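*Asks:* What follows is each chain in one-letter form.
Protein chains: 2
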Amino acid sequence: MQRTLKPFSFELLAGDPGCGARRGRMITRRGVIETPVFMPVGTQATVKGMLPEALDEIGAQIILGNTYHLYLRPGHELIARLGGLHDFMNWSGPILTDSGGFQVFSLGELRKISEEGVAFQSHLDGSRHLLTPESSIAIQEALGADIIMAFDECIPHPAEREYVVDSTARSGRWARRCRQARRPDDGAALFGIVQGGMYRDLRRQSAEELREIGFEGYALGGLSVGESTELMYEVMDYSLPLLPEDAPRYVMGVGTPENLVEGIARGVDMFDCVMPTRNARNGVLFTSSGKLSIKQARYREDESPIDPRCDCYVCRHYSRAYLRHLFRANEILSSVLNTHHNLHYYLNLMAAARVAIEQGSFTVFRRDFYAQREQTVPA
Amino acid sequence: MQRTLKPFSFELLAGDPGCGARRGRMITRRGVIETPVFMPVGTQATVKGMLPEALDEIGAQIILGNTYHLYLRPGHELIARLGGLHDFMNWSGPILTDSGGFQVFSLGELRKISEEGVAFQSHLDGSRHLLTPESSIAIQEALGADIIMAFDECIPHPAEREYVVDSTARSGRWARRCRQARRPDDGAALFGIVQGGMYRDLRRQSAEELREIGFEGYALGGLSVGESTELMYEVMDYSLPLLPEDAPRYVMGVGTPENLVEGIARGVDMFDCVMPTRNARNGVLFTSSGKLSIKQARYREDESPIDPRCDCYVCRHYSRAYLRHLFRANEILSSVLNTHHNLHYYLNLMAAARVAIEQGSFTVFRRDFYAQREQTVPA
Chain A
1 MQRTLKPFSF ELLAGDPGCG ARRGRMITRR GVIETPVFMP VGTQATVKGM LPEALDEIGA
61 QIILGNTYHL YLRPGHELIA RLGGLHDFMN WSGPILTDSG GFQVFSLGEL RKISEEGVAF
121 QSHLDGSRHL LTPESSIAIQ EALGADIIMA FDECIPHPAE REYVVDSTAR SGRWARRCRQ
181 ARRPDDGAAL FGIVQGGMYR DLRRQSAEEL REIGFEGYAL GGLSVGESTE LMYEVMDYSL
241 PLLPEDAPRY VMGVGTPENL VEGIARGVDM FDCVMPTRNA RNGVLFTSSG KLSIKQARYR
301 EDESPIDPRC DCYVCRHYSR AYLRHLFRAN EILSSVLNTH HNLHYYLNLM AAARVAIEQG
361 SFTVFRRDFY AQREQTVPA
Chain B
1 MQRTLKPFSF ELLAGDPGCG ARRGRMITRR GVIETPVFMP VGTQATVKGM LPEALDEIGA
61 QIILGNTYHL YLRPGHELIA RLGGLHDFMN WSGPILTDSG GFQVFSLGEL RKISEEGVAF
121 QSHLDGSRHL LTPESSIAIQ EALGADIIMA FDECIPHPAE REYVVDSTAR SGRWARRCRQ
181 ARRPDDGAAL FGIVQGGMYR DLRRQSAEEL REIGFEGYAL GGLSVGESTE LMYEVMDYSL
241 PLLPEDAPRY VMGVGTPENL VEGIARGVDM FDCVMPTRNA RNGVLFTSSG KLSIKQARYR
301 EDESPIDPRC DCYVCRHYSR AYLRHLFRAN EILSSVLNTH HNLHYYLNLM AAARVAIEQG
361 SFTVFRRDFY AQREQTVPA
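In order, the protein sequence lines correspond to chains A and B. Per UniProt numbering, the very first residue in the first sequence carries number 1; after that it's consecutive. Per UniProt numbering, the very first residue in the second sequence carries number 1; after that it's consecutive.
Simulated from the structure, these hints should not be mistaken for lab results. Since we're looking at a predicted model, the values are computed, not measured. Even glycine gets a Cβ: it sits at the ideal position worked out from N, Cα and C. Keep in mind that the hints are not guaranteed to be accurate.
[Said to hold, decoys possible] Have a look at the derived ranges for each label pair, beta carbon to beta carbon: (1) A/V274 - B/E115: 54 to 60 Å; (2) A/E245 - B/V274: 55 to 61 Å; (3) B/V274 - A/Q121: 37 to 43 Å; (4) B/R73 - A/P241: 52 to 58 Å.
This is chain A alone, in the form it adopts within the complex:
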């Protein structure tokens, strides 16, 4: 299908007077994205358990695809021949793809890093592959993603300074190669990813190098890798101001509802995380007053919905007792309904945050968010 390519743009609509929270609007070739935004993860060309229509219903504006998984199975060339990832999975809204870096670096023994890229063995069949900045970009372009990510190394935590110095420098060189590898006629936006581990000066160097190369958006990588919540917020605090005001800021792989609220307060525009979907399949549900494990015996005869304050499809039609039954019986509908609710919770939280920023009341919103779960706003 031929599509008219529109330029990527980002506009800041409002800022909160009490903190760094910002309300923005991204325009991609496949639609508008109101920010701050949470992006559900659709690893293998499907957000696990969610029909595209259900994603629409709960207000998903953009979803994620995973380069590593799609490259191995069914293959990006096959997807391209079938019209691209959007047609393949019946999702017409924007898609962001990761670079594959995070997954191949997670393979441990099965991968080897060189300047050229990362040689790795498939977790599916042990076959050997090489992922480079150039091939990562080519794969993401073949998939037809609307936002594509630079190929980088997500540095584990803790990591020696020397390792972080080398890795961050290499990710910088790779970022430049990604920029150069872009097909000029492709209408997607390319985002750079700031690394530098938990070292403030290295984060600064990385951010400056990326700004010098120039990207449509900037991500913070290497967070939510085992560091404390306090440290994560500290890295956000000193890294986000290093990024251009007029470009979207994306914190990758983050996080809990609390992390989202704190990220927004610090000026983050985009988030993604498997937490709502993975937790759903394990029976852990998000509510306005905190998490709830649906398998617990206390919900055996509980007629109330997951969250009495929630108006999602699941909370309107099903009791905790029924959802507990489905979970214990290992029924498919357990994952389907739990995922629907959890993603609705995340997307609804973001929608409410957007309204609060527009109204200049995000500070109140943040305090209420914590008060409902009997917590206080973190220092």
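Given chain A, put chain B in place with the hints provided.
*Replies:* Quick look at chain B alone, frame taken from chain A:
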């Protein structure tokens, strides 16, 4: 919730001139059912992978619940306290429950039959239980089923005549106890089940005994238990005429699309089977030209829908290549989409059969059905 109880009724609307096919209308307290009808199986208070709204969308008129499973987990008393099975699972249409007999008899070593009933151990935790005609009826009434089935033994095949004589006689006595055990204020219909194995005279005896007791509907049990298709049709041929003309006729646990068409041609009004749902989860899909195994390599890049003649949601939006990918990736959506298509196929087949009978053209319909799959009408 208090509901106005309406009497159960069945009306014959049309008969096909060329065979025994009949077009009827059943009225239950929770809605009208146009027959012939296929009833999707919802064993554990859910039709695996199907939201109630999706069942509505594909035209499901009535679904099945399983007494054995629901009695053990979450328990019929719990479901009753929560407002009954309909509210519990968010399905407002009619529900038929089986008696639990089929499942407890399938337990083999774990069960012991006596005149009183069947003592068995739970397949979940080994706990000991006794299911009797009286308790089966009480459970089904507690669940709030709209059509409840008499407690009987589903006789395996092959079986010695002596065993079939004894078992059928006992099922007859149990049927009488079921009739007597009915709560007078319950608005459900009670169906009797003809047994007698593959012995014509025993089927006759069983049918006569049930007619003498009197039920709102009559089922043929003990089919699809390993006998040949020819023998199944033969038993239908001589058993169905033994049943009252003016009551619905239900062949339990049957079967393939071919079995449905042949059953209809012989005057069957109701069917149920796990085949469309179970096959879906195993990647076996029904089409107008026969079955298709979606895992096959030949579908790797196949852009066409499962069945080009099908207009279901899945065939309108997804390619065989995508469905093959979901199956291989073991994704939840694989079961969801495959089940949707297969149940749509079954329900659509029944809807088309109903139209054909109304038009007096079921003989043509039946011939076309076989011609499309390059088969001929069975003798």
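*Asks:* With reference to the structure, classify each hint as holding or not holding.
*Replies:* Here is how each hint holds up against the structure:
1. About 57 Å separates the C-beta atoms of A/V274 and B/E115, a value consistent with the hinted range of 54 to 60 Å.
2. In this structure the hint that A/E245 and B/V274 lie 55 to 61 Å apart at CB holds, the actual value being about 59 Å.
3. Range check, B/V274 to A/Q121: about 40 Å between beta-carbon atoms, so the 37 to 43 Å window is met.
4. Our hint of 52 to 58 Å for B/R73 and A/P241 holds, since their Cβ atoms are close to 55 Å apart.
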